[in-house]
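When the count follows the numbering used here, it moves up by one through the sequence shown with no breaks and lands on 274 for the last residue.
To be clear, the hints were calculated from the coordinates, so they are not data collected in a lab.
From a predicted model like this one, the values you see are computed outputs, not experimental measurements.
Even for Gly, the Cβ is constructed at its ideal location relative to N, Cα and C.
Any given hint could be a false lead.
Simulated restraints, written as ranges between beta carbons of each label pair [what the hints assert, rightly or not]: (1) ASN208 <-> ARG250: 22 to 30 angstroms; (2) ARG114 <-> ASP188: 17 to 25 angstroms; (3) LYS199 <-> ARG102: 16 to 24 angstroms; (4) GLU229 <-> ASN208: 36 to 44 angstroms; (5) TYR143 <-> ARG178: 20 to 28 angstroms; (6) ASP120 <-> GLU204: 40 to 48 angstroms; (7) ASN164 <-> GLY236: 49 to 57 angstroms; (8) ARG274 <-> ARG250: 26 to 34 angstroms; (9) TRP184 <-> THR132: 19 to 27 angstroms; (10) LYS190 <-> ASN164: 18 to 26 angstroms; (11) ASP120 <-> GLY237: 16 to 24 angstroms; (12) SER151 <-> GLU216: 17 to 25 angstroms; (13) GLY259 <-> GLU181: 28 to 36 angstroms; (14) LYS228 <-> ASP127: 21 to 29 angstroms.
Mimicking DSBU-like on lysine-lysine, the simulated pairs with C-alpha atoms at most 30 angstroms apart in a straight line are [as the list claims (entries may be wrong)]: (15) LYS220 <-> LYS108; (16) LYS220 <-> LYS267; (17) LYS190 <-> LYS206; (18) LYS108 <-> LYS235; (19) LYS235 <-> LYS267; (20) LYS267 <-> LYS228; (21) LYS202 <-> LYS108; (22) LYS108 <-> LYS206; (23) LYS108 <-> LYS199; (24) LYS190 <-> LYS202; (25) LYS190 <-> LYS108; (26) LYS197 <-> LYS108; (27) LYS202 <-> LYS267; (28) LYS220 <-> LYS235; (29) LYS267 <-> LYS108; (30) LYS108 <-> LYS228; (31) LYS206 <-> LYS220.
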Amino acid sequence: MPKKKATHAEPEPEQATRRRSSRLSKGVEPTEEVMAPVKEEKPKAVSTGKKGGRKPAAIMEEEKKVESQPPTKRSRTTKPTPSPSQHEPPVAAKPRTTTTSRQYWLLKAEPLPRLENGHDVHFSIDDLAARTSPEPWDGIRNYSARNNLRSMRRGDLAFFYHSNCAHPGIVGVMEIVREAEEDWTAVDPKAAYFDPKAKKAKEEGKENPWSLVHVEFREKFERELGLKELREWGKGGGPLEGMELLRMGRLSVCRVGEGEWEFLMDKAGGRTGR
């Protein structure tokens with residue numbers, strides 16, 4: 001609630017009374033105002049320092065000394081610097097939020113049947129779309145591809161690329177929903193991509209060198225982007241000139257630049273992340 005204004009009268013200042021009494025104590029003769037309050041007379045002019053009054057020589061000498069002194073560093077127009085106690089309490093700075101920019105990738109899978117260690121390893125964009133839980137992207141047995149898997153962060157987007165088929169190319173988009181962890185299929189003798197060296201390393205107490213990530217389906221393109229088109233756009237001066245997919249054709253997990261991603265999404269009519 002706002003405070004109410006005070007309604008009682010303020011006491012009269014006692015300045016005039018104090019001046020008069022101090023003059024009496026210094027031996028100044030009392031005026032008729034003091035002796036006979038009935039007859040009011042103006043007090044005798046004493047040295048007041050005001051215009052029209054006469055200043056004693058002592059006061060004039062003191063003023064000359066003051067005028068002759070050099071000016072101090074602080075001028076009359078300079079505002080005094082407030083002490084720290086006069087400042088308002090400092091406002092706490094807002095913590096900075098660090099945001100990691102999204103990365104883009106391309107992951108290859110084979111849509112046609114093929115046996116590996118007695119298992120059919122085919123996997124298409126339609127198979128991913130049918131999954132009801134995050135899909136482990138396992139079976140990577142190349143160190144450069146593995147390093148790319150380990151660099152992925154949750155929320156990154158990746159193109160789904162159909163490989164080893166009649167019409168290879170980019171067919172859709174998926175999202176990285178779980179970051180890199182151990183690929184347990186590498187140490188399972190019954191798995192399609194079993195690696196005896198990885199199993200031996202585990203038995204010796206060493207690290208399994210292979211990793212996997214988990215992905216989820218996001219979009220299937222109405223217009224697929226075939227490898228032939230990609231190569232045309234990757235020619236000298238083209239928008240995909242430096243694309244890792246075209247420079248390292250056998251790499252199954254590739255980086256995609258942001259400009260390359262936007263260009264390809266425009267060509268495919270993609271909507272994910274937009």
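Hints violated by the structure (numbers, ascending): Of the numbered hints, 3, 6, 7, 11, 27 and 31 do not hold.
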